[in-house]
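Given the structure of chain Y, go ahead and fit chain S onto it with the hints provided.
Order-wise, the sequence lines are chains Y and S.
Just so you know, my numbering puts 872 at position 257 of the first sequence, and the rest follows in order with no gaps.
Just so you know, my numbering puts 167 at position 147 of the second sequence, and the rest follows in order with no gaps.
The hints are simulated quantities; they were obtained by calculation from the structure and are not laboratory data.
C-beta atoms are modelled at their ideal positions from N, C-alpha and C, and glycine is treated no differently.
Just to be clear, a hint being listed does not mean it is correct.
One side only, chain S facing chain Y, incomplete, derived with CB under 7 Å [unchecked claim]:
hint, residue
1, Met-160
2, His-248
3, Tyr-279
4, Ala-322
So you can see what is in the structure, the chains are spelled out below.
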Amino acid sequence: MSSTAPSGPALPQSPAGDGPVPVPARPPGRGGGRGAQSDGARARQRRENLVAAGFIAPSLLGFGVFYFWPTLRGLYFSLTDFDFFSAPAFVGLANYQRLLEDPTFWNAMRVTLLYVAINIGVQTVLALAIAVLMHRLTQSTFVRSVVVMPYLVANVVVALVFFWMLDAQIGIVNQALAGVGLDPVAFFGDEAWVIPTIALVNVWRHMGYTALLLFAGLQMIPGHLYEAARTDGASEWRMFWSITLPLLRPVLAVVLVITMIGSFQVFDTVAVTAAGGPADASRVLQYYIFDLAFQRLDYGYASAVSVVLLLILMAVAVVQLRLTRANESDLG
Amino acid sequence: MAVTTEPSRPAADDTPTGTAGGGGADPGGRVRPRRRPRPTAGRVLAWTALVGIMAITLFPFYWMLRTALSDGSVLATQPSSLLPVEPTTGAFERVFGLATTEEAQAQGGSGAAISFWRYLLNSVLVATVITAGQVVFGAMAAYAFARMRWPGRDAVFFLFLTALMVPPIFTQLPNFLLMRDLGLLNTYPAIILPFFFMTPFAIFFLRQFFLGISSEVEEAARLDGSGHVGTFVRIIVPMSWGPITTLALLQYVLAWNEYFWPLLVGSAQDVRVLTVALGIFRSQTPQGTPDWAGLMAATLVAALPVLLLFAVTSRKIVNSIGFSGIK
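For reference, chain S alone in the conformation it holds in the complex:
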């Protein structure tokens, strides 16, 4: 899991960037000085392997798109065609409920109403609120652990560490009961609350970064009469903007992709998130001939927001995946 993602090193010098570890530090890992490598047989072979791996990685994404753009009713006639079969956007129209029942059935859909707009909205809402809570509360706690002295600090930190070891399923069974007893089943709070207040990972991630901030910065703020709250809000948070956004992105992806918990407490139509909707869509597909085109259009809709987010921020995320031995 994302447990081994480390925040970038705080800028020890005056570099204002809070960007993730790589970037400027890039040459650190470079094993040899850049010189034009001779295209030996070994290198060619190695590059072939790497390109092959990238192809294997990318092909399923292409296949999703190819299938989603096909006409479901004739898909089976040319199963090995590398291009969409009788290209149409019908599958996407079905997914968003834009096609009439007849149109949908003509293209191999089930005709059942599917309201992916709703699910998309639910996913955005749930992931956004969870991320906001985790980042804000995580940063506050991380600050208290990293930059303040208070009795019991190390004991509480150790307790939080143990939370990492308990598998989610173990706490999710009783949490389900709690939500049921509170009458919250099939509401947004039920889906959001268990993740909202804390995730050990966010705290460890930011604590690691806050620990590295030079204390002179803080002392200067102190001399100016800032208390801890002021220092946190005006100095520490702005300084840590890089790692905080990285953390937010990672947590957003995790929240977006969560399946088990929303399946337990939020399978009702009006709060259903995309992952749960996909599972239900799949089990509703008619016997014998599933609506593959529709299903692939739906998976694309579910995957695309995160992939777009990633396209914009990949450098930051990729460079921040490192090793810190947080356990």
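Next up, chain Y with everything else stripped away, as it sits in the complex:
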């Protein structure tokens, strides 16, 4: 839209007066007369309330029906024995007790944690590398468009493309491995490989998008710091560790936790490739919940497992708040 490459404005301003992480809430409205509350003012306020109610009504309806009510219902179902057809029977904490002794559940926890560790670990390092490369080399929109492309394609599509590329017999990756004399790998069929494979496939989809988030954070670092460091003869490597990383830390913390929350909910890729197998090696939490509810019709228990997922994500979110609060001062 707007013309690119402005011919050098005098003072490069930081793009955001918005500051870094938490955008300071502006005072709501610069509202009118705080003085005498006349009848006219009261009538106007009443009218304003009515209009506001109209504006908010559709969202409130959606929130109530599709977020709030199902959350309460989900909590209740986790305390029941329910097979979809007969009425739910209240069983107290029985589902949670069962959960403690369910090896498949603990396996799902282990598999999910492994997935998150690999996925987030690799993705964060790569995204940071891409962001820094872009930051130091080019502002090109084209480069940014290319790296974000995979994020626009559905999980299902990405999963299928890699399912094909990683096929044990005629997939191009195994062809390439054979070319350098390695044995073929059954990426989706081998218990040891399946989770790392799915984790890396999703790294491919998300690393560019994550890099753009970090890139936006990098742009908030004042350029004169680099100028000064350069004058002092600092190397790029040194600048990365002494300027970029410390100042990016708050942004990094938030990005890390947001991607982590998404990562815990991995489902699509698993569902269309390994489908939980082989031998439960890819039965991640969300796939287990889906399986319990819709294949085994054990709805009450499925709800209990999803409460656990909810608690994990809330814990992650709390950690996020702590981290960002603690680091707020970094960018001044």
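Quick look at chain S alone, frame taken from chain Y:
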């Protein structure tokens, strides 16, 4: 997730553009003044790494195309050929049901009828309606949060914030029951409704933008006798056209790519969207030798509309991916 996408800053000055943050503000991020960089070894290495990453990003897209244009029956004979094997558009014909059963089977297809036109149409319909609802209702709510005073506003806003923390699966199990009890399973409303009225993200995204609009603009409208509705429709929305289209694009992509929910409530043939159809196509492929060419043609069909949309709007989308710390 897209949670950390921020609307462009509203034009504080008179700049009429509502385009996303970058664009004009580009030099803000520039660390050094543009001078011809010396091609040091480090720079060459860095560029090599960046180009390598771009190649890794693009290769699977090429491989989709290469496979889709191959003849499925002979694909296995030259698995490492970088060009299509015996190029043909047969796979696309199979996907759109244009090939006869014999033709399809001759090229390694299953011969089962696949009606991707239908799924494509369903995806367009579902994504369009969802996006329309989210943008219109999201803008209305955002306006009420950003520019109006009413009792309980902050409490309601906080409630909406909490909606971001609840994982979709948690609400989707009970929502499935709700749809079943309403008799809506395998209908468009079931696929659309839970997303239609509100997504917290749309509200936060636009609220952030509306908060930054100078109140003088509004007061001028007020003096002209406009009420809130008039101000919203005639002043705020036109001013915010940039962020609103950005939001619409992002939400369209999300709706287009959704898999879990339509899988739960809309797997029947006549309402099936592309993502669900792909999953089913994959599980229907004959044992032993999946119809890879057909599958890749189908994935291309599913990916292409969004990629084309992106090709037209990439500058806007890319520049709007920023950091606002919306939690």
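Here's how the hints hold up against the structure:
Taking 7 Å as the C-beta contact cut-off toward chain Y, the hint placing Met-160(S) at the interface holds, the least distance being around 4 Å. Among the interface hints, the one on His-248(S) holds; its C-beta lies about 5 Å from the nearest C-beta in chain Y, closer than the 7 Å criterion. At a threshold of 7 Å, the smallest CB-CB gap from Tyr-279(S) to chain Y is about 5 Å, leaving the interface hint in force. With a cut of 7 Å, the hint placing Ala-322(S) at the interface with chain Y holds, because the nearest CB-to-CB distance is about 5 Å.
The structure shown violates none of the earlier numbered hints.
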